[in-house]
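Residue numbers (the numbering used here), protein chains in the order written: chain A, 1 to 448; chain B, 1 to 1021.
You may find that some hints are simply not true.
As the list claims (entries may be wrong) - For the chain A half of the interface with chain B, some residues (derived, Cβ under 7 angstroms), not all of them:
(1) ASN351
(2) ALA360
(3) ALA364
(4) GLY366
(5) VAL395
Unchecked claim - Far from chain B, some chain A residues (derived; all Cβ distances over 12 angstroms):
(6) THR36
(7) PHE196
(8) VAL318
(9) ALA361
(10) TYR435
Said to hold, decoys possible - Heads up, simulated DSSO-like pairs for lysine-lysine below, C-alpha to C-alpha not over 30 angstroms straight-line:
(11) B/LYS467 - A/LYS112
(12) B/LYS543 - A/LYS439
(13) B/LYS791 - A/LYS112
By construction, these hints were calculated from the structure, which means they are not laboratory data. All C-beta atoms in this analysis are idealised placements derived from N, C-alpha and C, irrespective of residue type, glycine included.
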Amino acid sequence: MKLFATFAQRAPITVLAAMMCLACSTIVAHDQIPGTNQSQTVALKNVTVYPVVGEVVENAVLVFENGKITAIGSDVAVPAGCRVIDGAGRRVYPSFIESWSYLGLREVGSVKATQDYEESGDINPNLLAQRAVNPDSELIPVARVNGIGLAISRPRGLVGGQAALMRLDGWTYEDMTLAAQTAMIMSWPSSRAAFFSFLPQKRRDELKKERLKKLSDLETFFQQARHYQKAVAAAKDGKATAPRPNPRLAAMGAVLDGSQPVWIEADRSDEIHEAIDFAQRYGLKMVLVGGHQADQALEQLKRYQIPVILVRTQDLPVRRDEAYDHVYRLPAILHEAGVPFAIAIGSTMGNDRNLPYQAAAAAAYGLDPAAALAAITLAPAQIIGVADRVGSLEVGKDATLFLCDGDPLEITTQISAMFIEGAEVDLNNKQKMLYDKYKTRIERQRAR
Amino acid sequence: MKNTIFGYWFLFAATLLSAQTLHHTRQPVGLQDHQPGAYAVTGVTVQVDPQTEIKDAVIVVRDGVIEAVGAATDVAIPADARVIDRKGAFVYPGFIDLMADLGKDGKKPGAKAGEAKGTAGHQPENRARKRVADTYTYPAKRAKALRKAGFTAAVFMPSGGIFSGTASLALLQEGRTNDVVLQSDAAGVVGFRGTVPQAYPDSAMGGIAMIRQVVADARWYQQAHSAYQKQPQGQTPPSVNADLAALAPFVSGDKPFLFNVRNHHEALRALKLAKELEIESWVFAGDDAYRRVASFKNYQPKLILPLDFATKPEINDPAAEAVVSLRDLRHWYLSPAAPAALAEQDVAFVLTSFGLKKSKDILANLRLSHHRGLAKEALLAALTTRPAAWLNQSDSLGVIKPGALANFFITAGDLFTTETEIAESWVRGQRERYDAEDTQGVLGDYSFTAAKKKYTLAISGTPGKIKGKLKRGKKDVKTSAWSHQQGRLVFHINDAGLAGEGVARVSARIEADGLHGWVIKSDGSRFALDAKRDKAGSEDKPKAYKGPKSLSEPLAVVYPDGAYGRTADPEQPAVVAVTNATIWTSGPAGMIENGTMVVKAGKIVAVGADVAVPEGATVIDGQGKHLTAGLIDEHSHAGLDAVNEWTTTNSAEVGTHEVINPDDISLYYQLAGGLTMANQLHGSANPIGGQNSVIKLRWGADAEGMKFAKSMPGIKFALGENVKRSNFPAPDGYYPLTRLGVEQFFRDQFDAARDYRNQWEAYEKATDKAQRVPPRRDYRWETLLQILDGKRQIHCHSYRQDEILMLMRIAEDYGFKIDVFTHILEGYKVAPEMAAHGAMANTFTDWWAFKMEVVDAIPYNAALMHQAGVVVGFNSDDDELARRLNTEAAKAVKYGGVDPHEALKMVTLNPAKQLRIDEHVGSLEVGKDADFVLWNHSPLSMYAVAQQTWIDGRKYFDRSEADAQRDQAAAQRRALLQLVLSSDAKGGASDRAKGKPRRMMHCEDLDAFSAETLDSLHAHD
């Protein structure tokens, strides 16, 4: 079959053991078996290494051991007794990092029972995202096939809770958590709806009021949290009795002392400016998420050293007057202005896998391709605070990487292997299994 | 120093009841009460009609009718006439408003929705039986506001519903309804938006379909009853229906329908519908009719334009600036110029106060429209003679000539060049005066002596609003609380010299030689005040009208209005050649390296590696570039004002082709992404959805200009969770709630359509046909019959394999075919069955997991169906995705290894096949339309950016021009923003911008939404 030759040639080198139990595919648990911790040294030879930091290394050997990269270079000798994988000219990249996902917390968009990211009430800083990540989510293996090895899972809300950086492979959420409590997640109350002219004025006024109410609740909460932390400190110094329990206020310590970053989602320029003002008033370590009009706040973002996580570059302009490619161009604008940024996809259509194309769109519209690659690897690692471990291929860093047969920002490129901290990841998934199953049906019908 | 503060400004309105020779059919209770009925208004400049003005004229009124009008030298004042001298004043014919609402009074008559009693029909949105005259009560407040803006007669509309009822013409005076109503049946009012929640129809396209059906029903009603009367024997009597009966004068064309719609888009739709239905129409064109003057002109319409222009955009809040677009700013500037723009093209219109509540605003906007170019004659005609003519009242209304009703108004200054107010309103000889008369002559200069000091007092202003100035010698003395009533002057002196410690109060009568009265000082003591009138004064003249500032350069009209609009259609070069390009033909020639394509008169005439470039051709160097056919989206909701008619499970009679919004900026975005055609589908809220429309993205064209005439009629079907209402609430008793019910519903509907055909066939065959009650024409069943006859193709929203099979089996049972399954995420599971049926598939590439029925969706779907021999395409169902379908095609290469050229066909030739237009478009082959895209990379590359998009051999998009257009828009925006910021007009509630922006719609949008869903909405014009 000519049509499928391409795929056959590029068949993953992974052992497809899971293929055996096609019939047991359910949405309760996926069929991929987590990789085993690295016990044997692995050498990838005959590969081109794209380290993100530093020059591309052609004809290279990359060695990793106990989950850490030990050598990269064209003149590196393959250590004796190690497992050697011939990359046959393939490329090696650090795994992509999706920094705005619900992976593990959301299975089916319309089924509430499968969702664990939005708690009741507006203010829930004490929620910890990793605690409900379902390692058997079918969405996880689907995301991996495009090189996404790590993802931020996060709750949602005015103060939604705390995000965690998850390895996209593992038996339990504890296995999977690479970094817990990486950020406090906030969604800035949107002003957009109050301007929808298709809504009646009355409804718009209500929405405006609701928004003001949220802003004032937020202010009150942060003041209470400050007060609470003061009482905690006083108790610590033995100057007062400990404050009575309040898990919400208690969860704010790291936010208020500036050690835990606060990721604030805001798209429109007015929301962005409000959020920046707020963060400065409370001395927060802010990261702007969304940022579709971040170009309207360049001076402020630079002045306060606020990095940006641009969610979707493949999106429509906010305003009719903006250029049709305004959002595509936004990363290039930030890059030129020297504002650190990462790119995320924030998919709710099960498509975290399309993260690389968000970076590619930016490159197509003027962003330096190296910066586009960094925007989904090293830049998010830096913003999340894990750049010492992931985000680039350097000796001493985690062997969290993948092999592919071309530019991974191109759709037609295929990923052939992935390692997370040296453990090889099963690149099969429910969708491939269904493909194989029904390909069989079609082939049988044709044979008749 | 506020020395001229009056206690309050009171209006002095003297009403003189004129005798009215009314034809009462009963005698008064008690004594006769006839008033003398002759008046002569003298010394005035009379606007007899829009063209004619008579200076120093006399108007003679007798018994509510004009007896004579002419120059003072020509008209004898009757001996019995009361003379009203208004020297220097102006008189205009009373204005007529064809679209008045009753205000709060309108809520009284049977406004309760759906309340159907007696022989009323049972459709909540058809209230044609309601007639304003039948329940009319004088709307005192509204009428007065209108009179004070010059109106003397108005057509009052019923409100609500698609068929709101009958509007009636009434004089704007209090009296017996029998006397003030001039026409009970002035117009049948219709609109496109229903007002009853849950009732059919909910969408604008449903409104249009309902009007079409009801007009047919009303005509059938007449025919059915007349047939039955001719031959009652052996026939079931047709039912009696007050709503259908009430429509008789309007469906026969004797009287007009008044289309109470919202904006120019809807107005154009109304005109198209009126033409199709052969009905007379008056169409409200909204405040944005300037946007498509030429489109209006084609219909030679009777338009009603509002004086309610766009209000100043609210931009003081910088947050608002982010949502105020150039289009909004232009709208603010251009909407007052709309009447002038239409007048210039000889489009007939009248003006209405509709939407404005205050007389002052009406007059201010009337002047503003004059200021923005509408000539006085045209303006007057639009308020007087033209509405009179449309009402067949030319002899009695809208003019000041003998025999006409004495309906006119008087102003102190010229109506257009000064800010004059209405001083008097006359309605059928009944005079109402709003200004104050200076009977005693209060205005003037006075002097008096008090406490041995000399004082001078100057009183100026108008008798209704005096301004006083008191001086001791040359020094100002503080005064306040000036008032003047019935010859008595009152004011306060806040001055120690006269009042002592506090305030002195002055009260004086105005007499021929001056003021005579007294002053009460703060200590209670009083002294006489006798002031001599040194000089009589005259009233202040009304202020000259200046009007707001204008831009130094006029704003060019662009299509569509706003940023990225164009001034004209792109030109079509006689010959175009694209040379040296990598050509993806999507045809049998496959890929051609270094190829050349030649286009003549919008058609491809040559494609190949060895094609010569004709002399004189416009040459596009394709070196290093890729050339493909224009992309085609089989599933789009862009450019539509409505998507779902969800109130009924079968809405086959509605169609998106009736609600195309060519101004949707998404169409431009998509054009910039290489899309040249879109299939605008109805949504998936019901099993049998509405009809579709296939458009070319001819950015700038109007709705009709975008339609692709050669496309096959189609309809949307839907299966699964949406139609069984799994993810949103269903009304009580909703059917179907299961896929089992969905199957039965389809079968039932097709059986019903066949039954309908049988009825017609029996009727057509009957020997006594002329006496038979005919079957009712039903557009819903007729649409289904088109499907059964293979004349209308189906695009069926589908996900699961069982429902796909089920629908194909139904089609096979009824002898038709399902042409296209759209979305079809489990198509790969039954691809062989689809191939056998002949069904094609247009799918999402990789969406999944957003609901239960898509958990088995796989991106290999396309490859598998393709392998099984199904014609496969990729669709967007999303305004954003639609601008990058080329890279969606790349996913067929990635997932399943489809050959790249075959993959690109999935967004070019294959959707063309699916729409049955592949004879004309979809590939770069000789004879086809020159719809093509030039890319800087392989179209399957993520780095590909469309450089040029051509449709019909015209370049509709050029990336190299896009930045310049953006900058141009920004410059115009800055100029308008400055004009807004410097304008002292009050800012408006911005929801009055009736050029309705829309939100992005997916097929699951119900056009109704909750606050929770707001976050997921995209809003753009």
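Hint-by-hint comparison with the structure:
{"no.": "1", "hint": "ASN351", "result": "6 angstroms, holds"}
{"no.": "2", "hint": "ALA360", "result": "4 angstroms, holds"}
{"no.": "3", "hint": "ALA364", "result": "5 angstroms, holds"}
{"no.": "4", "hint": "GLY366", "result": "10 angstroms, violated"}
{"no.": "5", "hint": "VAL395", "result": "31 angstroms, violated"}
{"no.": "6", "hint": "THR36", "result": "28 angstroms, holds"}
{"no.": "7", "hint": "PHE196", "result": "5 angstroms, violated"}
{"no.": "8", "hint": "VAL318", "result": "7 angstroms, violated"}
{"no.": "9", "hint": "ALA361", "result": "7 angstroms, violated"}
{"no.": "10", "hint": "TYR435", "result": "4 angstroms, violated"}
{"no.": "11", "hint": "B/LYS467 - A/LYS112", "result": "72 angstroms, violated"}
{"no.": "12", "hint": "B/LYS543 - A/LYS439", "result": "85 angstroms, violated"}
{"no.": "13", "hint": "B/LYS791 - A/LYS112", "result": "43 angstroms, violated"}
The structure fails hints 4, 5, 7, 8, 9, 10, 11, 12, 13 (numbered hints given earlier, in ascending order).
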